[in-house]
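Asks: Sequence:
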Amino acid sequence: MPARPSPSTGFRLRNLGLPATSLTVLAAATTYVGLVDPRESGHYPSCPYLVITGLACPGCGGLRCVHALTHLDLPAALGYNALAVALFPLIGWLWLRWAVRTARGEPRRTLADPRWLRALLVVVLVFWIVRDLPFGAGLAP
1 MPARPSPSTG
11 FRLRNLGLPA
21 TSLTVLAAAT
31 TYVGLVDPRE
41 SGHYPSCPYL
51 VITGLACPGC
61 GGLRCVHALT
71 HLDLPAALGY
81 NALAVALFPL
91 IGWLWLRWAV
101 RTARGEPRRT
111 LADPRWLRAL
121 LVVVLVFWIV
131 RDLPFGAGLA
141 P
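Heads up: the sequence shown is residues 1 to 141, going by the UniProt record's numbering.
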């Protein structure tokens, strides 16, 4: 007779409450951004960093990027925020990994190796600086 998995390590749908809720909120927000065009004024607040400095932050163009992706316009999405387009698959993979581990009842662990987090921070900072320089104008929203 094969060994039965331990109840604490088996896949449990009841453990998916928080991952399912977070996915539902993300889907609702994405649907809203897909339906309400961020290029039209008055629907979303302006970026405070952009308003104060006149420079784009790493997130500037993110809503327009999501709107373009919901309409399957990858070239426009890349033009609005290429970093966001590059990070969305990583965020999806991290969410999926978290959801599976949560469903299995595995204990919480850190999100990622600190070296990866430092590398991500460097990438975001470089993107932030380069998109506001003359030679990085192609990365500006």
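Treat the hints with care, since some could be wrong.
Taking CB as the label site, the calculated pair distances span [stated by the list, open to error]:
hint : residue 1 : residue 2 : range
1    : 140       : 105       : 38 to 48 angstroms
2    : 88        : 48        : 34 to 44 angstroms
3    : 96        : 135       : 32 to 42 angstroms
4    : 51        : 16        : 35 to 45 angstroms
5    : 14        : 97        : 33 to 43 angstroms
6    : 121       : 95        : 30 to 40 angstroms
7    : 112       : 26        : 40 to 50 angstroms
8    : 41        : 101       : 21 to 31 angstroms
9    : 114       : 70        : 15 to 25 angstroms
10   : 93        : 14        : 17 to 27 angstroms
11   : 126       : 14        : 22 to 32 angstroms
12   : 41        : 14        : 19 to 29 angstroms
13   : 27        : 126       : 39 to 49 angstroms
14   : 73        : 44        : 12 to 22 angstroms
No lab work stands behind these hints: they were computed from the structure. Note that beta-carbon positions come from the ideal geometry of N, C-alpha and C, so glycine has one too.
Asks: Each hint: holds or not?
Replies: Verification of the hints:
no.: 1; hint: 140 <-> 105: 38 to 48 angstroms; verdict: 45 angstroms, holds
no.: 2; hint: 88 <-> 48: 34 to 44 angstroms; verdict: 23 angstroms, violated
no.: 3; hint: 96 <-> 135: 32 to 42 angstroms; verdict: 37 angstroms, holds
no.: 4; hint: 51 <-> 16: 35 to 45 angstroms; verdict: 40 angstroms, holds
no.: 5; hint: 14 <-> 97: 33 to 43 angstroms; verdict: 19 angstroms, violated
no.: 6; hint: 121 <-> 95: 30 to 40 angstroms; verdict: 20 angstroms, violated
no.: 7; hint: 112 <-> 26: 40 to 50 angstroms; verdict: 19 angstroms, violated
no.: 8; hint: 41 <-> 101: 21 to 31 angstroms; verdict: 42 angstroms, violated
no.: 9; hint: 114 <-> 70: 15 to 25 angstroms; verdict: 34 angstroms, violated
no.: 10; hint: 93 <-> 14: 17 to 27 angstroms; verdict: 24 angstroms, holds
no.: 11; hint: 126 <-> 14: 22 to 32 angstroms; verdict: 43 angstroms, violated
no.: 12; hint: 41 <-> 14: 19 to 29 angstroms; verdict: 45 angstroms, violated
no.: 13; hint: 27 <-> 126: 39 to 49 angstroms; verdict: 31 angstroms, violated
no.: 14; hint: 73 <-> 44: 12 to 22 angstroms; verdict: 18 angstroms, holds
In summary, the numbered hints that this structure violates are 2, 5, 6, 7, 8, 9, 11, 12, 13.
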